[in-house]
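A.B. asks: Chain by chain, the residues run as shown.
2 protein chains.
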Amino acid sequence: MKNFFISKSRRLRSTPFTSRIEQQGVKNYTVYNHMLLPTTFSTVEEEYLHLKKDVQIWDVSVQREIEISGTDAHKLVQLMTCRDLSNSKTGNCYYAPIVDISGGMINDPLIYKLKDDLWRICIADSDVLLFAKGIAAGKNLRVNIFEANIDTLAVQGPKSFKLMEEVFGSDITNLKFFKYDFFTFRGKKYLISRSGYSKQGGYEIHIENAKNGQDLYDHFFEIGNKYNLKPGAPNHPERIEGGLLSYGNDMLISDNPFECGFEKYVNLDSNIEFLGKESLKKIRDDGIKRKLMGVKIDTENLDLNNIDILNNDNKVIGELRSAAYSPYFKKVVGIAMMKMEYCKIKENFKMKIINKSVNGEICNLPIT
Amino acid sequence: MKNFFISKSRRLRSTPFTSRIEQQGVKNYTVYNHMLLPTTFSTVEEEYLHLKKDVQIWDVSVQREIEISGTDAHKLVQLMTCRDLSNSKTGNCYYAPIVDISGGMINDPLIYKLKDDLWRICIADSDVLLFAKGIAAGKNLRVNIFEANIDTLAVQGPKSFKLMEEVFGSDITNLKFFKYDFFTFRGKKYLISRSGYSKQGGYEIHIENAKNGQDLYDHFFEIGNKYNLKPGAPNHPERIEGGLLSYGNDMLISDNPFECGFEKYVNLDSNIEFLGKESLKKIRDDGIKRKLMGVKIDTENLDLNNIDILNNDNKVIGELRSAAYSPYFKKVVGIAMMKMEYCKIKENFKMKIINKSVNGEICNLPIT
Chain A
1304 MKNFFISKSR RLRSTPFTSR IEQQGVKNYT VYNHMLLPTT FSTVEEEYLH
1354 LKKDVQIWDV SVQREIEISG TDAHKLVQLM TCRDLSNSKT GNCYYAPIVD
1404 ISGGMINDPL IYKLKDDLWR ICIADSDVLL FAKGIAAGKN LRVNIFEANI
1454 DTLAVQGPKS FKLMEEVFGS DITNLKFFKY DFFTFRGKKY LISRSGYSKQ
1504 GGYEIHIENA KNGQDLYDHF FEIGNKYNLK PGAPNHPERI EGGLLSYGND
1554 MLISDNPFEC GFEKYVNLDS NIEFLGKESL KKIRDDGIKR KLMGVKIDTE
1604 NLDLNNIDIL NNDNKVIGEL RSAAYSPYFK KVVGIAMMKM EYCKIKENFK
1654 MKIINKSVNG EICNLPIT
Chain B
1304 MKNFFISKSR RLRSTPFTSR IEQQGVKNYT VYNHMLLPTT FSTVEEEYLH
1354 LKKDVQIWDV SVQREIEISG TDAHKLVQLM TCRDLSNSKT GNCYYAPIVD
1404 ISGGMINDPL IYKLKDDLWR ICIADSDVLL FAKGIAAGKN LRVNIFEANI
1454 DTLAVQGPKS FKLMEEVFGS DITNLKFFKY DFFTFRGKKY LISRSGYSKQ
1504 GGYEIHIENA KNGQDLYDHF FEIGNKYNLK PGAPNHPERI EGGLLSYGND
1554 MLISDNPFEC GFEKYVNLDS NIEFLGKESL KKIRDDGIKR KLMGVKIDTE
1604 NLDLNNIDIL NNDNKVIGEL RSAAYSPYFK KVVGIAMMKM EYCKIKENFK
1654 MKIINKSVNG EICNLPIT
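In order, the protein sequence lines correspond to chains A and B.
When you read off a place in the first sequence, starting at 1, and then add 1303, the result is the number in the numbering used here.
When you read off a place in the second sequence, starting at 1, and then add 1303, the result is the number in the numbering used here.
Everything labelled a hint here was simulated from the structure, so no lab data went into it.
Hints are not guaranteed to be accurate.
Repeated chains share a single entry, so a pair holds when one copy, or any two copies, can fit it.
Claimed, not checked - Simulated crosslink set (EDC-like; lysine to aspartate or glutamate; CA at most 16 Å straight-line):
| no. | residue 1 | residue 2 |
| --- | --- | --- |
| 1 | LYS1392 | ASP1420 |
| 2 | LYS1492 | GLU1511 |
| 3 | LYS1594 | GLU1664 |
| 4 | LYS1653 | GLU1664 |
Just so it is clear, the structure is predicted and the values come from calculations on it, not from any experiment.
Kindly produce the complete structure, drawing on both the sequences and the hints.
C.D. replies: So this is what it looks like as structure tokens:
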């Protein structure tokens, strides 16, 4: 596949770490929430192997945080998501589908409750800010809504625990998955969550002061050699194998949370009020006709222009949405929206790539 | 400045013309409304000179169209914009600031009224879809809202008129600026507007059927040689000189339409209802403290990391938001948000670039 350059402009926002990662040799960017997201420093395969063995720091400032505060903050956050947040607690991270009035997926953020009247929605790639502002204006809610000036560093990989302990102290090793707390470095407090867009373990550090964040970043790389620390980025085959979905790739507004496998985050039987509730009840009662599944495809590379998944009669039975070569499986792994009757483990299919046909099979997510 | 590659993925959507423009040698992309926007085929300067002399076809499918239909369609569109649309007519394009409840800029689309209950909002780079959906849900409006499956080709440059006449017939030469109508090619009807993101004249063709659009694209290049037709893209120095603002570059949600020079599109004295009305009345009555102006800077290139505009006492008096080398002025031209007391034509300023200081002067937009 041919390579193309990215045209930088102020509209594709830089982060406090952009100049550092460029000095560290970033090669590729993507754009996410109107901001630059580094994607590769060496090769995807090299970074895959390193991420599973050592530790990486990722500039994931693109995970913008929509802050909602005020008397009606809880009400507004609940209106946007089908996950029941009525018993939500500070200190927890809530993965929660945001849906429109038809039950269509708008985003799949992590939601942080800081106080009853102060929430942060750490978003995937769509302007949740505008959705929240629209609802609040339409319903005359007493809220303040803005994109917080917060940038995020992810520390990911099996050695992240030792590295973070050295920097923030041993208390951080007690932080459980999808919990957050405040930890101190050089007298400055950081909100840190045990979370991140990999399955290799790690943390996300939410940075409110760019200068402090830069000092922290530099410190990591001053002491990181003994952990074989490298700059990195969300790794495409690793996240596909881990079943971590990507909004805009794997799911869109035309998909509902049941189709995305989010059943446990769709709470239709409690008395919460949210926008898509009636639509999702109907969808549940009617039953869904397709679902996201893992796939393994017997090829070493695949252009995502070829997305039709076919049965033996050449009938389209699904649509490939993400795909990457897996150094572990030595073939392409992917995520596909499959017709329900084909959502069976080890179900075989084929795909046509230019002049040849390749075989594949359905599997669960995560892909094991 | 170092170049970086773009990491393609399904999330950065291709258009029906992507494979064609890649065969035609596109070098750079940017991302706009979650979609690929080609930016350069040769050099910015070469394309600037060509655009002013001949004719280019641009794949501006990124100008996504949000379609709003139903009983309350007019009401919803008006709620989003401070421009009075009560006497709007089909056949016209309305440039209209979309504002939030605080009067902050959310987008600056062209709005097309197709029928009383059918509107299309042709957007800049932010998810107006979600803003509209939020308001509609909050107010229980009877509307359908979706991103239409429409891709746009712009035909821009002084020879666009002759080229379009050859393809669509002589009637198209009667179409006035910011009007639209339907024209036929090979038996298929196209909505075509006399509009586009350059000051060199031209049209935008709104394509509802990808295959037909590809046929049309190919036909343009089959007959285009005699007009010296080339593939192109919105040209940075040309649009800055023309005073065509870019949402995300020149203005953001933290700016209001008065600061952006949109006074004539802020209608506060009619009886229309829109979200930011009370806020904008207050802003008008208080008076604004800064405004977007043109700038000319005595240098040949400039990194947008240096954005402070200084007076002789080294006090910050403005912020540079867009800048590009102008082949016409032989210096950098730009758009800057300036403190009101410095918004005077020929007002001098300076900027610090690494180790040197460069001089500049304020000018009007468009820059002449």
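A.B. asks: So, for every hint listed, does it hold in this structure?
C.D. replies: The hints, checked one at a time:
1. LYS1392 x ASP1420: within (12 Å within a copy, 45 Å between copies)
2. LYS1492 x GLU1511: This pair counts as within: shortest intra-copy Cα distance 9 Å, inter-copy 53 Å.
3. LYS1594 x GLU1664: So LYS1594 and GLU1664 pass the 16 Å test inside one copy only (15 Å; across, 59 Å).
4. LYS1653 x GLU1664: Answer is within: at 8 Å inside a copy they meet the 16 Å cutoff, but 64 Å across does not.
The structure meets every hint from the earlier list without exception.
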